[in-house]
Amino acid sequence: MTKVPPKQEGDPNTTGHVWDGIEEFDNPMPRWWLWCFYLTIVWGIAYSLAYPAWPLISSATSGLLGYSTRGEVAVDIAAVESQNEGINMQLASAELTEIAGNPELEGYATSAGAAVYRTWCVQCHGSGAAGAVGYPNLLDDDWLWGGDIEAIHYTISHGIRNEEDDDARYSEMPAFGEILEPEELTSVVNYVMQLSGGTPVDAAQVDAGGEVFLDNCSACHGEEGLGDREQGAPNLADAIWLYGGDYDALIETVTYSRYGVMPPWTQRLSEAEVRAVAVYVHQLGGGE
Amino acid sequence: MTEQVTPPSLYAAREPIFPRRVSGAFRNLKWIIMIVTLGIYYVVPWIRWDRGPDLPNQAVLLDLANRRFYFFWIDIWSHEFYFVAGLLIMAGLGLFLFTSALGRVWCGYACPQTVWTDLFILVERWIEGDRNARLRLHRQEKMDFRKFRLRLVKWTLWLLIAVATGGAWVFYFADAPTLMVNLLTGQAAAVAYITVGILTATTFVFGGFAREQICIYACPWPRIQGAMMDEDTLTVAYRPWRGEPRKHSDEVKAGAEMGDCIDCMACVNVCPMGIDIRDGQQMECITCALCIDACDDIMAKIGKPRGLIDYLALSDETLERAGNAPRPTWKHIFRPRTILYTALWGSVGVALLVALFIRADIEVTVAPVRNPTFVTLSDGSIRNTYDIRLRNKNNEERLFGLAVQGDPTLRIQLEGTPYGSVPVPADASHLQRVYVVAPPGSAPAEGGLTDVRFWVEDLSNGDRAYKDSNFTGKGSN
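Residue numbers (the working numbering), protein chains in the order written: chain W, 1 to 288; chain Z, 1 to 477.
No lab work stands behind these hints, which were simulated from the structure alone.
One thing to keep in mind: the hints can contain errors.
As the list claims (entries may be wrong) - Partner residues are not named here, just some residues of chain Z that face chain W (Cβ under 10 Å, in silico): (1) A210; (2) Y217; (3) T365; (4) V369; (5) P372; (6) D407.
Said to hold, decoys possible - Derived list of chain W stretches under chain Z, where covered just means 3 residues or more per stretch with a C-beta under 8 Å from a C-beta of chain Z: (7) 31 to 38; (8) 47 to 58; (9) 121 to 131; (10) 140 to 149; (11) 237 to 251.
Built from N, CA and C at the ideal position, the CB exists for glycine as well.
So that you can see chain W by itself, here it is in the shape it has in the complex (with noise of 0.2 Å):
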């Protein structure tokens, strides 16, 4: 219980508000500050009557004045994309061999093929394009059917190995397992890995595998084992293995062959796409 002290002159004017002896000073705000606040109200229901606002079951109010986000990228999109259009028929009757002299073309190529690679090549040349097991790093300099501008957009525009492309590239190794006999199949992985420069798990069987190659092998990776690109056959002296190169994966190599696949992305993608894919490939770090 307390006594509020009687009111003395000079003393601030209170609301008359007391509680528990504390009085509340009057500070009274201005009027035009709650219509300010009414308006705000005002304001909020308009809002969410004129844009999309309310939640209903399985979907939202559409708003009066049918704005949608998603209708505000699909104009941008159309946007960037009319306004690309010059550029991308400039690029697609482009001499392939001279886009790299033609800066402007070259780093739309280099740009736009960043994104299609995202899009559709990422999946199994992984995003940093080094590629997995059966599925070939990009960035290297070791090329199974060429590695200059125009095979690789040969190699994006038909496909490996598939029926969908007449003009898909194909290589076909016999499954050896079937034509070999044991003793010749480990023989020639041993010769294979000492080719490469790697070690071999038998010395021993090095001299005899070489017979074995120079029968079965070297008609399509050559007497030294460089591979023929014309072919598609992989140079087996170099560092690089698709499959792996240690003695179980080229056993298995041997044995059974191996059949990768690639789609041909004419069927899927824009001429300037593909262009501006092998461009972006190309200047990887492996191009020739």
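Got chain W sorted already, so can you dock chain Z onto it with the hints?
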């Protein structure tokens, strides 16, 4: 026990304020500050500054599209934004310094709300006359031709000032002469018109109508202020021990000897905030010191010493009430707190200046590509890739040479060029992909991480810069 009283209304109409004209030392100081600050604001975007053919020739320009800030000979890139942060810290410390020494001197002299309101009141006085004439016009309920004409002229002038204010703002963000032409011919960007429109509206409403209400209801500064003032802070105050009892008080009517205050209301009539400084320090007071000028004028007329209302510190009250002289002003200003603020302010400033002068004209940043960390090439050598950003801050194209240091076997290659150097355009940055190759069997190729240092050299003058990174070998797996 709760006492129930019918509460007064929680909302009150604004009492219009008609500040009277005043002249004096502080009024003159305020005029000078108004001319200087408004002059800087309106004129600066039009100052030209030659930076060579590839760069804008506007002395002060915030180029948001290219993320660059030009200030006369200083050119700040987005990654150097800490300079702006440093300036903001200095502004904050400066505010602490001035507030602890001189109270709300910012509010009274330099705040845009104060300066533009002062300008709007000046226009109002030119058109409608001084306080009494404006009061009469306000009380005249009938909107006759004269009142309509005066209001129309006043609002038109206010609007012109407001448009000029909103217009000047956007000139800081684009080439002023070009933008001026574009604005006038309707070709400027929508955002320019919207910005001009919003700032025109706020200037017109805040300066013409809201005025002191912005300070009282909208600004947080008056509330923060209390925490920064102490008993030595100089602030505008009335000397009641000298002025009271004032002329029309009950004491004087009862025969008491009158103090110096003749209750002429001059201090109240000139106040742009509509308060009575004789009630003591109050939140509404912006310490514009116009009441000092008004009171000094009256004191001179009645032959009393000046300073009945004056810049006073709280600690002086006790001294003066006891009949002693107040402490000299400089003793209020130079005390440990303000000296500390000055030292902090100065050290930030010196640090910024040093940082500004040791800035190199070339810069390099290195981002190793980690996806994948390394690539095996067909001959068995190991290659790492780096994204190197080269910045050329000169106003002409320069050829930058790149070299790698760390192991003698490492070789550097630049993507897209057979050479070891790359041209970087004037005042631009260039992103260069760089390969570093370690031959098979070498220590970096077989090992884990090898420390490397990238050197970049401006081939025209030999300026060099470097950045450290590392090389990932097969041994890292």
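We went through each hint and held it up to the structure:
1. A210: 9 Å, holds
2. Y217: At 6 Å from the nearest chain W Cβ, Y217(Z) passes the 10 Å test, so the hint holds.
3. T365: 20 Å, violated
4. V369: 7 Å, holds
5. P372: 4 Å, holds
6. D407: Interface hint status for D407(Z): violated (20 Å vs cutoff 10 Å).
7. 31 to 38: Since 4 is at least three, the answer is holds.
8. 47 to 58: Since 0 is below three, the answer is violated.
9. 121 to 131: With 4 residues close enough to chain Z, the hint holds.
10. 140 to 149: holds (count 3)
11. 237 to 251: With 3 residues in contact (Cβ-Cβ under 8 Å with chain Z), the coverage given for the region 237 to 251 of chain W holds.
When held up to the earlier numbered hints, the structure conflicts with 3, 6 and 8 and fits the remainder.
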